[in-house]
Structures are given as C-alpha cells and as structure tokens.
Amino acid sequence: MTSPLSIVLFSGTEDKLHAAATLAAGAAAMGRPVNILLQYWALDAFRTGQIGKGHRLACEAEPGAPADAASLPWVETLRMAKELGEVQIRACAGSLDYLKLDVSELDALVDSAGGIASFFADAGDGSITFI
Amino acid sequence: MTSPLSIVLFSGTEDKLHAAATLAAGAAAMGRPVNILLQYWALDAFRTGQIGKGHRLACEAEPGAPADAASLPWVETLRMAKELGEVQIRACAGSLDYLKLDVSELDALVDSAGGIASFFADAGDGSITFI
Amino acid sequence: MTSPLSIVLFSGTEDKLHAAATLAAGAAAMGRPVNILLQYWALDAFRTGQIGKGHRLACEAEPGAPADAASLPWVETLRMAKELGEVQIRACAGSLDYLKLDVSELDALVDSAGGIASFFADAGDGSITFI
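Chains as they are written, first to last, in the numbering used here: chain A, 1 to 131; chain B, 1001 to 1131; chain C, 2001 to 2131.
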C-alpha cells in the first residue's frame, strides 16, 4: 500500500498554489493518495467567486521576474489531479474560524471541513509537506 | 515504533509559528514524537522577553485579511504540545551564530542547542517538514 | 536501503537557499540520497553569472535583523553536499518554460532538467520537503 502525500497548504499566492497543484497531480498520477489541508491564506484563495482570480506572487519571487502570475492554471491542475487519482481537499476547521468563513462559502473542489486530528489520521505516520 | 515528525522551523511570523505549533500538537496527540529545529527567524521569535510579542503575518497573507495576528496563541499551543507528548525543541547552532544569539537568551520552551547532524540523527530516514 | 530526502526548492532568497543547502549537506553526510527539484525563484537563482550574487532575505526575516544575507555561503555548502554524497539537482521543466530559461543557462551544479514525474519516480513513496 502506497504511503499518502499529505500537504498542509498554507500560502495563498498563485505560484505556491500552482506548485502545490503540480505536486498533487504528480502524486495522483503515480497512484499515491493525496490529502490536502487548507489553512489560512490558502483557504482564503478557495472562496467561491474568488478562486483563480488572484494575481499575487510569493515574496520569494525575484523583483522584475519575467513571469505572469495570471498564467498559472492551478485550479485546472488541481481539478485534473482529482480526476487522475484519490485527492482529498479538506478545509482546516481552525482556519475557517480564524478567517470567519463557513465551508459553504468555498469552491466545490473542497471536499469537507475537518480538524488537524482527522488530517493526521489520514497521514498515518507519513510525511507532511508544508507549502 | 511510530516515525517522528521532524520540523525545520525557519519562519518567524505569527501565522506560520501557529501552523507549526498546531502540527506539533496534533502529532503529539497521536503519539508521534516531534523534533523541531529552530532556524533563522523562528529562532529569533523564541528570544526571552520577545516570545509571543510578534504581530507580523507572513507575506502570503491576503492584504486586508480580516484576521488578527495577535490572536494566534502559538506559545500556548506549543506548551500544550509538550505536555501532550514527546516534543523536542532544539536551537540550530549555525543559526545561533548567524544571529549572534546564545541559547541562554532563549525561552525555556527550547530544550537545547544542536547542529543539523543531531537533528538528522533523530529524524532517522524519516520526513522533514520545512515551515 | 535509506529513504531519499526529496526537496522541492521553490524560494530564491539567500536564507532559504542556505537552509536547503544545509539540509542537503546534512542528509548527504548521513548517507541519504538527496533529490532536489528547482522550481520558480530558486531556479532563477541558479542562472550562470547570477548564482550566489543575491542579497535578498525572505520576507519572514525580522525587520532590522542583525544578520547579513551576503554571508550565507549556500553555493559552497551545496557543492560540499555533492562531494559528501549522492545529491541530484534537477531543473523543473515546467518552471524553465515559465521563466523562459534554458537548462544551458544554469550553473553546472544543476545536473539535468526533468519533469515532476521523474522527481516522483526518484522520491518513491517517500516524503517531499518544500522550501
């Protein structure tokens, strides 16, 4: 049985969201189950009506970078990852409280809300990737 | 024997410190040993007299985010994690040098100073989560 | 057989590059194979003629931090890691496209270009550290 790829997705910039979506798609294509826990600014990026409309890059971006944040199709990549394999996207209950959001305000890509305990139950004693 | 959760804690913003503390508490509650290596700006956040007094959020935060950085009780969450299970917090020797800090200037939550080699010895061939 | 340390290196600031190089050197010294996938702003930092000339710190740095970004010898640490053990550095094909770079424009520390699939093939079902 393949060990899952468990991702705590914290960041809400387009480049990090795209990096996370690419990892999820790569793992799903290899047959690894993927568990994603949305926290903080990543959770904010999944709000219905807002998802995929961001234009910010991470502060780690080189000033004057030639690249265009809007060209990063992370929502489509994530949708594809869910078609390719077993990809669970969970909204962190604590971050929902913190941001005063309800799970009904999030895009349909999000499967459920849950706490850190259920995330760890799925992660088993496997690794956690923080993005 | 459960595989440890090994965290390199690099970032000194309240939201990332709270995310790390939550992961540590979750893992400890599941019975996983937790090893935290404090580097750079996270190390700086553990200085006696300064710890828990930060108000900065990560640059990944949405501008105009409704949330209040000061409401993130990461110090208490980390203290609770240490009560729940086996949580080791080590100050990275190289980062102490870099920041011209001595381990005696750090909060009592920090157990010891140590190099990357002792961190890897505890991590075994397990995963490393970088925050 | 030791499980590899697989690093997605995304960030292009001196402090995060140095943290990644230190982890790679520590793992190599322990006999763990290391796979590094350069993405986005980290890839940009490996351009020939530019490598090691950056002076930026992460936005997680404390304003007024006493430390000097230029004193972080990450290129030398990474070179040492490659001498100590089995360290593979791969440029992410998708990020090369995004940044309109060719692998021939990168420093000789970079071994090859490749996609996310070959990175996951080397990672096996092991952990991914995102920096």
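Keep in mind the hints are simulated off the structure, nothing from the lab. A quick note: this is a predicted structure, and the numbers were derived from the prediction, not measured. For every residue, glycine included, the Cβ atom is placed at its ideal position computed from N, Cα and C. There may be inaccurate statements among the hints.
Unchecked claim - Pair by pair, the computed Cβ-Cβ distance ranges are:
1) A:Pro73 with C:Asp2102: 19 to 27 Å
2) C:Glu2083 with A:Asp97: 48 to 56 Å
3) A:Asp102 with B:Ala1029: 35 to 43 Å
4) B:Ala1029 with C:Met2080: 32 to 40 Å
5) C:Gly2124 with B:Gly1115: 26 to 34 Å
6) C:Asp2097 with B:Arg1079: 28 to 36 Å
7) B:Ala1029 with C:Gln2050: 28 to 36 Å
8) C:Gly2085 with B:Ala1029: 42 to 50 Å
9) C:Thr2002 with A:Lys100: 22 to 30 Å
10) C:Glu2086 with A:Ala29: 34 to 42 Å
field: Status of the given 42 to 50 Å range, CB of Ala1029 of chain B versus CB of Gly2085 of chain C
entry: violated, 35 Å
task: Just tell me: holds or violated, for the beta carbon distance of Glu2086 of chain C and Ala29 of chain A against 34 to 42 Å?
output: violated, 25 Å
- prompt: Between Pro73 of chain A and Asp2102 of chain C, is the Cβ distance one that fits in 19 to 27 Å?
  reply: Taking Cβ atoms as reference, Pro73 of chain A and Asp2102 of chain C lie about 23 Å apart, which means the hint holds.
message: Can you tell me whether the CB distance of Ala1029 of chain B to Met2080 of chain C sits inside 32 to 40 Å?
response: Given about 39 Å between the Cβ atoms, the range holds.
message: Looking only at beta-carbon atoms, does the pair Asp2097 of chain C, Arg1079 of chain B fall within the given range of 28 to 36 Å?
response: violated, 47 Å
message: Taking 28 to 36 Å as the stated bounds, is the beta-carbon spacing between Ala1029 of chain B and Gln2050 of chain C within them?
response: violated, 46 Å
field: Outcome of range test on Cβ distance (Asp102 of chain A, Ala1029 of chain B; 35 to 43 Å)
entry: Cβ of Asp102 of chain A to Cβ of Ala1029 of chain B: about 26 Å, so the range 35 to 43 Å is violated.
Whether the CB-CB distance between Glu2083 of chain C and Asp97 of chain A falls inside 48 to 56 Å: holds, 49 Å
query: If you check the beta carbons of Gly2124 of chain C and Gly1115 of chain B, does the distance land in 26 to 34 Å?
result: holds, 28 Å
task: Confirm or reject the claim that Thr2002 of chain C and Lys100 of chain A have a C-beta distance inside 22 to 30 Å.
output: violated, 46 Å
In this structure, the earlier hints numbered 3, 6, 7, 8, 9, 10 are contradicted, and the remaining ones agree with it.
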